[in-house]
Amino acid sequence: MPAAVVPTVRIQAEDFDVAAEIAKMTQGRADIGAVVTFSGLCRDEAGRLAALELEHYPGMAEAEIGRIAAEAVQRWPLQGLTAIHRHGRIAPGENIVLVVAASTHRQAAFEAANFLMDYLKSRAPFWKKEHHTDGSEGGWVDAKEADDEAASRWKQAVPKRN
Amino acid sequence: MSTRLIYFAWVRERIGKPEEDVELPAGIETVADLLRWLKSRGEEYEHALQYPDVIRVAINQEHVEHREKIAGAREIALFPPMTGG
Numbered sequence: 003m004p005a006a007v008v009p010t011v012r013i014q015a016e017d018f019d020v021a022a023e024i025a026k027m028t029q030g031r032a033d034i035g036a037v038v039t040f041s042g043l044c045r046d047e048a049g050r051l052a053a054l055e056l057e058h059y060p061g062m063a064e065a066e067i068g069r070i071a072a073e074a075v076q077r078w079p080l081q082g083l084t085a086i087h088r089h090g091r092i093a094p095g096e097n098i099v100l101v102v103a104a105s106t107h108r109q110a111a112f113e114a115a116n117f118l119m120d121y122l123k124s125r126a127p128f129w130k131k132e133h134h135t136d137g138s139e140g141g142w143v144d145a146k147e148a149d150d151e152a153a154s155r156w157k158q159a160v161p162k163r164n
Numbered sequence: 004m005s006t007r008l009i010y011f012a013w014v015r016e017r018i019g020k021p022e023e024d025v026e027l028p029a030g031i032e033t034v035a036d037l038l039r040w041l042k043s044r045g046e047e048y049e050h051a052l053q054y055p056d057v058i059r060v061a062i063n064q065e066h067v068e069h070r071e072k073i074a075g076a077r078e079i080a081l082f083p084p085m086t087g088g
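In order, the protein sequences belong to chains A and H.
Residues 3 to 164 (the working numbering) make up the first sequence, in order.
Residues 4 to 88 (the working numbering) make up the second sequence, in order.
Heads up, a few of these hints could be off.
[Claimed, not checked] DSSO-like, lysine-lysine: derived pairs with alpha carbons at most 30 Å apart:
#, chain 1, residue 1, chain 2, residue 2
1, H, K42, A, K146
2, A, K26, H, K20
3, H, K42, H, K20
4, A, K146, A, K131
5, A, K131, H, K20
Rather than coming from a laboratory, the hints here were simulated on the basis of the structure.
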């Protein structure tokens, strides 16, 4: 069994380039058969939202996403895994989060990216505050129970690395 | 030994500071004990910790349950359920 890959995790204020992150992962190799990316973007909520402000817990944000990513590379036979999460003020249309997963066959990359996002939403220490276009502060976004449920479904049916 | 408490999002706003160093009184053994003691420290704490069950806690930057022992914790963070991604 080959050693699991070491995931790349970055927490940053600046934007990221999806194509550049894929290129970094696949450059110079011919063994990758599938790359799945997920990008999370800031919505304008029908014109109501001026920006999201993302607060995070420096240190723990990296550590927690690192722990989730480490579990993903144990559970699926991946050839690359990158997770980037932005913090600070983010305007509608801008990127918030990126997951890139690479594997020989598509299923592992799809599942690992899905798993990473589900866990990241309920366990990575980030909090969103809304700023409205009318200048008012919209308050903190409430956590969704559906996100906890989405994460808990991965506790069953553990696929084995082969 | 003093313990650093760190607050985030509306817990930080309601308590009115991002962090503080505290001397924990004797008898504070678990996270639940800590939340109960903090809540008694004043109106702002009472407001932030009104519903202790919803408060999430990390010790030394790892998630823990409220029954977890806090002996040896350097850094304890209190925050609302997370909404990243």
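Are K42/H and K20/H close enough, with their CA atoms no more than 30 Å apart? holds (15 Å)
Regarding the pair K26/A and K20/H, is the alpha-carbon distance no greater than 30 Å? Given that 30 Å is the threshold and the Cα spacing comes to 41 Å, the pair is violated.
Hinted pair, alpha-carbon criterion (30 Å max): K146/A, K131/A. Please report holds or violated. holds (14 Å)
Would the pair K131/A and K20/H pass a check requiring their Cα atoms to be no farther apart than 30 Å? holds (17 Å)
Would you check the hint for K42/H and K146/A, treating anything up to 30 Å between C-alpha atoms as holding? holds (26 Å)
Going through the hint list in order, the structure does not satisfy hint 2, though it satisfies all others.
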